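**Student:** Sequence:
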Amino acid sequence: MQILRLKELLKEKSVSGKTLSDMVNVSENTISFIVTGKTQPRFELLLKIADVLDVDIKELFVSTKDGSSKIQVIINDKLKTFATIEDFKIFANSI
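Note that the UniProt record's numbering numbers the sequence shown so that position 23 is 23, with each residue one more than the last.
It is worth saying that the hints were derived from the structure and are not from the lab. Among the clues, some could well be false.
[Unchecked claim] Beta-carbon label-pair distances, calculated as ranges:
| hint | residue 1 | residue 2 | range |
| --- | --- | --- | --- |
| 1 | Asn29 | Gln2 | 29 to 39 Å |
| 2 | Ala83 | Ser14 | 29 to 39 Å |
| 3 | Ser94 | Ser14 | 14 to 24 Å |
| 4 | Glu28 | Ala83 | 26 to 36 Å |
[To be verified] Okay, derived cross-link-like pairs now, DSS-like style, lysine-lysine, Cα gap no bigger than 27 Å in a straight line:
| hint | residue 1 | residue 2 |
| --- | --- | --- |
| 5 | Lys89 | Lys13 |
| 6 | Lys58 | Lys38 |
| 7 | Lys48 | Lys89 |
| 8 | Lys7 | Lys58 |
| 9 | Lys7 | Lys48 |
The model shown is predicted, which means the values in this text are computed figures rather than measured ones. From the three backbone atoms N, C-alpha and C, an ideal C-beta is built for every residue, glycine too.
Start from the sequences and build out the full structure, keeping to the hints where you can.
**Tutor:** Here it is as structure tokens:
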């Protein structure tokens, strides 16, 4: 199950996988694996990707019609926990 919208966002923003990989300091293969769902990025990388693409981190995820899917509930719960991006980074680095 694909939970990230990265391929769609890259197309919308006219950003190549290579450009994104350079901007977030990971290999082009890493971005390719994330786009194809072969791997899931750490929270810190998601923050960098959202920043580079100039989107809210929530926009990286596939939306659900009613917002009640298990993954959406977990994501929403985690995102409400953090008052600032710095709080989120501290959490991401602790796991």
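**Student:** So, for every hint listed, does it hold in this structure?
**Tutor:** Evaluated hints:
1. Asn29 to Gln2: 29 to 39 Å: For Gln2 against Asn29, whose Cβ atoms are near 18 Å apart, the range 29 to 39 Å is violated.
2. Ala83 to Ser14: 29 to 39 Å: 33 Å, holds
3. Ser94 to Ser14: 14 to 24 Å: 35 Å, violated
4. Glu28 to Ala83: 26 to 36 Å: 34 Å, holds
5. Lys89 to Lys13: With a Cα-Cα distance of about 25 Å, the restraint between Lys89 and Lys13 holds, given a limit of 27 Å.
6. Lys58 to Lys38: Holds, at about 20 Å.
7. Lys48 to Lys89: Distance of about 10 Å is within 27 Å: holds.
8. Lys7 to Lys58: With Cα atoms ~15 Å apart, Lys7 and Lys58 stay inside 27 Å; holds.
9. Lys7 to Lys48: 16 Å, holds
In this structure, the hints that do not hold are numbers 1, 3, in rising order.
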